[in-house]
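Given chain A, work out where chains B and C should sit, using these hints.
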Amino acid sequence: MIIDHLDEPLPGSSLLPTPSGVAYTDPEIFSREQSEIFEKLWNCVMRADSLSSAGEWKTVTIGREEIIVVRSRKKGIRAYFNVCAHRGMRVCTSGEGKNKTLQCGYHAWTYALEGDLAAAPNLTSMPDVDRQDYGLKPVHVREWLGYVWVCLAEEPPNFDEAVLGEVRTRFGEVESIDNYGIENLKLGESKTYDVAANWKLIIENFMECYHCATIHPELTEVIPEFADGLASQRMNGEVHGSEFGEEIKGFTVDGSASGFEELPRIAPDQDRKYYAITVKPQVFINTVPDHVIIHRMFPVSESRTTVVCDWLFLPEVIERDLPIEKSVELFHRVNQQDFEACEQTQPSMSSKAYSGGGALVPSEHHISEFHAWWSSQVAVSEHQTKVTV
Amino acid sequence: MIIDHLDEPLPGSSLLPTPSGVAYTDPEIFSREQSEIFEKLWNCVMRADSLSSAGEWKTVTIGREEIIVVRSRKKGIRAYFNVCAHRGMRVCTSGEGKNKTLQCGYHAWTYALEGDLAAAPNLTSMPDVDRQDYGLKPVHVREWLGYVWVCLAEEPPNFDEAVLGEVRTRFGEVESIDNYGIENLKLGESKTYDVAANWKLIIENFMECYHCATIHPELTEVIPEFADGLASQRMNGEVHGSEFGEEIKGFTVDGSASGFEELPRIAPDQDRKYYAITVKPQVFINTVPDHVIIHRMFPVSESRTTVVCDWLFLPEVIERDLPIEKSVELFHRVNQQDFEACEQTQPSMSSKAYSGGGALVPSEHHISEFHAWWSSQVAVSEHQTKVTV
Amino acid sequence: MIIDHLDEPLPGSSLLPTPSGVAYTDPEIFSREQSEIFEKLWNCVMRADSLSSAGEWKTVTIGREEIIVVRSRKKGIRAYFNVCAHRGMRVCTSGEGKNKTLQCGYHAWTYALEGDLAAAPNLTSMPDVDRQDYGLKPVHVREWLGYVWVCLAEEPPNFDEAVLGEVRTRFGEVESIDNYGIENLKLGESKTYDVAANWKLIIENFMECYHCATIHPELTEVIPEFADGLASQRMNGEVHGSEFGEEIKGFTVDGSASGFEELPRIAPDQDRKYYAITVKPQVFINTVPDHVIIHRMFPVSESRTTVVCDWLFLPEVIERDLPIEKSVELFHRVNQQDFEACEQTQPSMSSKAYSGGGALVPSEHHISEFHAWWSSQVAVSEHQTKVTV
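Those sequence lines, one after another, are chains A, B and C.
Counting along the first sequence from 1, when you hit position 166 you're at 166 in full-length UniProt numbering, and nothing is skipped either side.
Counting along the second sequence from 1, when you hit position 114 you're at 114 in full-length UniProt numbering, and nothing is skipped either side.
Counting along the third sequence from 1, when you hit position 226 you're at 226 in full-length UniProt numbering, and nothing is skipped either side.
Quick caveat, the hints were computed from the structure, so don't treat them as lab data.
Possibly wrong hints are sitting among the right ones.
What the hints assert, rightly or not - The calculated lysine-lysine pairs, modelled on DSSO-like cross-linking and capped at a C-alpha distance of 27 angstroms, are:
id: 1; chain 1: A; residue 1: 98; chain 2: A; residue 2: 191
id: 2; chain 1: B; residue 1: 40; chain 2: C; residue 2: 352
id: 3; chain 1: C; residue 1: 352; chain 2: B; residue 2: 137
id: 4; chain 1: B; residue 1: 352; chain 2: A; residue 2: 137
id: 5; chain 1: A; residue 1: 40; chain 2: B; residue 2: 352
id: 6; chain 1: A; residue 1: 137; chain 2: A; residue 2: 100
As the list claims (entries may be wrong) - Selected chain C positions facing chain B (Cβ under 8 angstroms, derived; list incomplete):
id: 7; residue: 14
id: 8; residue: 15
id: 9; residue: 21
id: 10; residue: 54
Yeah, the Cβ is synthetic: ideal placement off N, Cα and C, and Gly gets one too.
The following block holds chain A by itself, in its conformation from the complex:
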């Protein structure tokens, strides 16, 4: 069995078990995660303002599908499978562009920005071809926090429950995050990390701070309580923010002042504090008083994950070109430290010494909720006869 008593302590122990290593190494389980999680749930894919005018488009890979995200003329941002309805060629063959229509480069089938088939050679001699039936296959789209979110399922889960619900679980209400005005912030820096580890290891790493004292010297300097292993997650049913150290002036790599203003609407209990939220399956939101850091994950294989990290600032910080390097450097180091730990963990997942899984200490216990969620999503119990021999 892959997963057993995920949320019960080990007999006679304060420890909790983890899933078997096979959950992190089996290509069949990964394939199931792609179909049951990433191709079914809402994924955060790009800043909405990166598509500023009608006809601007970008492509992005979600699960195993390449998707076109485009700003249409009448209906805001739309998304489609990047597959021509005729013979299947990629309609957009580069990462981004701007066009009045989306035209396939093979036989010139041409689609309106709203997705319908607009023109094709000899189309007039095929009057029975319905322009919607032979349009681009659409993908569900929402905007939130200034990001485009897409869902590849025919019937997407309710966005309010599935995505905003994560914020409610963390903060008690969605308003707390509204204070940061993330939708109006501007991108200061974006870094992409190619991580040789299963995506679940990256989530689990983000959900606990038991490792902080060992691998994050800069972060624990800024937030001393992290040295005690307390994660900035919901604790004892209470909203908990992680407080800056007394001498700390800002959330920067050396604890000095950032040099720019706090976000104007944050509440008093959000000052001098770091908050973190995991929006399953692929987003981490990190807030500090004067900027916001957002991670998006894109699993590539059972042992490889692309992580994109954005640093967002007030528009005037970007417009006046204020120095953001010290702020960016702090979490960039945290990212590198975390991802290296994940990469050193991945190879052991296939060991028979890990075939029964490992253990979670009490301060990592909330990771068990993630495991239970994962287990319910992939319905491993039914699947397990296939993958455990």
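For chains B and C alone, coordinates are given in the frame of chain A:
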């Protein structure tokens, strides 16, 4: 189901369906294609005159097998599996050479050019070892159009029906191609293309000209009717050649005169015309009045194919070193344009937006015959329970 | 069927069959070899004197597992799976080092050199965590011939029977090898070969000398009887050593004198002779009067094997820096020649021309004993329904 009603229009439509994308992406289906198509049918492998004297040999990969093709002393060109009968080592360990016998480099088992075991250390003390039973395993060989054709099956299909039959289907009779005297032409240029696409996409591309207006500017300049999407294939039961434009002087990249004579025996209706024939599973023959272009395909994986393209000219063109660059450049550009389209189509084949296949317009309808042939070869209907979950 | 009548001559023939090519190419069979052979039997992994003081450790891959081998303070050399009991991270993340304890770099779980959990953050608040249950998972260790041998099985085979038994089968008694005093020799040179061939081809190559005349000119110059194809293995129930040629002064690449003394305790019938022993599954021992050559194999995949070859000399040879190049060069060439033959054999194993296997000549007949042993280890008969379609 992978293939459904391949040769019937879609309900209420002038369009025809294509096979499901899985036919182009599944390694099991590809493996079945290797065993049921490439390792069972006749493959065109090399110019016969590239082995000019007894003992000259070359190796070639057909399906998943490496084959030695050698000019023997008494029996013309012969072919064998490149596997020593003793412990299996490659008998020929490079791509070509010339030897009096074929000797394995491991234990010196030595084979006559006609395949029998001729000598081996201590063979005299093993008088019961039959020299034919322990000879090289032979492969069937034919010569046609100046090429060596091989078939790996124990019982090869009738060459006249299987190969020449394709010419008859195209031209009504085989004589039309004889006019070009291809067996006496000489190789002027050969280019090898590594194409990141399934071999069937390359055949389908070759069988239609609906794409010509979009991707082949030079070719449609030379042959204006291609701009209307009419492929140079059999049409309405009639032999159809594609006529050069009025201002066109030759089948060259800029339509200027080639600078050399027409092939001496072509018929009046072969003048100023381009003809194309697909000899399944891996050959395209292209004829114009003063030269011939032949493509051979060698599938490598479900998403990779090697294509070798030969340009053949009258011996005096080669001997007098006349400039062939303008002639070669035209189809070299066509090849590059086609293969890029195939490469941009391959990735979408695994999309769920293509899981039901795409559509063929009326001018692509004869591709359905290829699909029906393919389906009968791989017997997908029996196989499909394995590959569609 | 994969294996049929392995130890019976072919009907009416002096030849013996080999296993089908699938035994050398199927990833499932390789996976079974890893679990049933390399992860169950004793493996020779490194010189014991390469861990000279307490706290020195090296990692090594056995089967599909990474193992830490460390010199402990109280209990000699110990070995463990390189997997932290907490969340699984590699405890040692480089190839070698020296530490007072083995500390995981993720959450600082810290293990004594004897394997017990010695410390962890907050461990005192988890008094129920047993320090042995959450220690490093141990691996069985033995020392012999100055090498560390490990076995990953819970219940290892009897070392005396499984390992020393190979020497007894070869020499009649273990004492013959004791004469060489291998445990006291010093490493003069070590070379690592990355061989693109299945490990069984390498063993089979080592077990016969029918190939020597063809590929080993230097070796057959030194040992002329090898040119007749007689392997230096047990023959006709007798211990057989391979005698140096009359003009030969030493076991060197040009047959000249080595320039150093013979090993002091060898017997008269060990002088001027080469002996070889295969210790299944991964060790070859080669002895000559003045040095010893030991090969260790580490299979990587069904078509790739790492071979490490050590040349061992008397301590004074190393200490006085006497020239060992001529001695090393002889077997280095033999290795290169052998591994190239194996690499040229591997690709044919997947040919249908080898699907029934090849043949062994009478002087290769003892390889059949290896095939029978292999067959019993992997229990192919039960497995074969899976891998032969």
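Now the hints, each set against the structure:
no., hint, result
1, A/98 x A/191, "24 angstroms, holds"
2, B/40 x C/352, "13 angstroms, holds"
3, C/352 x B/137, "10 angstroms, holds"
4, B/352 x A/137, "10 angstroms, holds"
5, A/40 x B/352, "13 angstroms, holds"
6, A/137 x A/100, "18 angstroms, holds"
7, 14, "5 angstroms, holds"
8, 15, "6 angstroms, holds"
9, 21, "7 angstroms, holds"
10, 54, "49 angstroms, violated"
In this structure, the one hint that does not hold is number 10.
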